Amino acid sequence: TQLLEQSPQFLSIQEGENLTVYCNSSSVFSSLQWYRQEPGEGPVLLVTVVTGGEVKKLKRLTFQFGDARKDSSLHITAAQPGDTGLYLCAGPSRGAQKLVFGQGTRLTINP
Amino acid sequence: NAGVMQNPRHLVRRRGQEARLRCSPMKGHSHVYWYRQLPEEGLKFMVYLQKENIIDESGMPKERFSAEFPKEGPSILRIQQVVRGDSAAYFCASSSTGGAGNEQFFGPGTRLTVL
Chain H
1 TQLLEQSPQF
11 LSIQEGENLT
21 VYCNSSSVFS
31 SLQWYRQEPG
41 EGPVLLVTVV
51 TGGEVKKLKR
61 LTFQFGDARK
71 DSSLHITAAQ
81 PGDTGLYLCA
91 GPSRGAQKLV
101 FGQGTRLTIN
111 P
Chain W
1 NAGVMQNPRH
11 LVRRRGQEAR
21 LRCSPMKGHS
31 HVYWYRQLPE
41 EGLKFMVYLQ
51 KENIIDESGM
61 PKERFSAEFP
71 KEGPSILRIQ
81 QVVRGDSAAY
91 FCASSSTGGA
101 GNEQFFGPGT
111 RLTVL
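Those protein sequence lines, which keep their order, are chains H and W. Mapping to my numbering: the first sequence position 6 is 6, numbers consecutive. Mapping to my numbering: the second sequence position 61 is 61, numbers consecutive.
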């Protein structure tokens, strides 16, 4: 069974600080996706990383896929209160038509 | 709005009643996935359907739960004789082609509360 572990589970920081959240597995994934979910809403796809070592940027968010395609990180520069939410990583389960999700990182940015 | 639509957004049922959750995929998408999310947890896969076919139901409990995606109309997730442990948020996602490697887009979810 492929598992994704996210860390930290909870993170509360002040506006303007930088942060990194991690998504790790002992299994290789063909791709990994990052979603953000706000209370009472569904997950919204932020990015998909496919190639080992790939780096993608989305404004102040930087996503990296590990060289071995077993892990990924999300770095936020100069965090804003609007970045508050639950960040989920997910990857396709090998040989099956489903996404495996990490348990999420709940991020709170304090003004 | 061509996004994934789910209704109702909130559903309250008493133990033993039936719950029906509906999902209309994005326009042009013929692949539907249902996931369940417990508080402070990630999403857990339940079932994957194409029009009129269940492709993978490995994540769905064998009893009381069923899903369909008819030729016409939305996909339905049906829970019979609900119990308190069924209380959760149920999300539907759709994709344009099959397989989890294709990007899935999620609806806003149905929050089921069993009293």
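What the hints contain is simulated information worked out from the structure, not anything from laboratory work. Accuracy of the hints is not assured; some may be wrong.
Under 7 Å between C-beta atoms, here's a sample of chain H residues computed to sit facing chain W [claimed, not checked]:
| # | residue |
| --- | --- |
| 1 | P39 |
| 2 | E41 |
| 3 | G85 |
| 4 | L88 |
| 5 | F101 |
| 6 | G104 |
This one's a predicted model, so the numbers in the text were calculated from it and none came from an experiment. Using N, Cα and C, we set each Cβ at its ideal position, and we do this for glycine too.
Check: Should the interface hint for E41(H) be scored as holding, given a Cβ-Cβ cut-off of 7 Å against chain W?
Finding: Given a least distance of 5 Å, the restraint on E41(H) holds.
Notebook entry, point to check: Given L88(H) as an interface hint, is the shortest Cβ-Cβ distance to chain W below 7 Å?
Noted result: For L88(H), the interface hint holds, since the closest Cβ of chain W sits about 6 Å away, which is under 7 Å.
Next item on the list: Classify the hint on P39(H) as holds or violated, based on whether any CB of chain W lies nearer than 7 Å to its CB.
Entry: violated (11 Å)
Margin query: Interface hint check: G104(H), Cβ to nearest Cβ on chain W, cutoff 7 Å. Holds or violated?
Written below: holds (5 Å)
Next item on the list: Tell me if F101(H) is really an interface residue toward chain W, meaning its C-beta lies closer than 7 Å to one of theirs.
Entry: holds (4 Å)
Check: Should the interface hint for G85(H) be scored as holding, given a Cβ-Cβ cut-off of 7 Å against chain W?
Finding: Check failed: Cβ of G85(H) comes no nearer than 13 Å to chain W, outside 7 Å.
Checked against the numbered hints listed earlier, the structure breaks hints 1 and 3; every other hint is satisfied.
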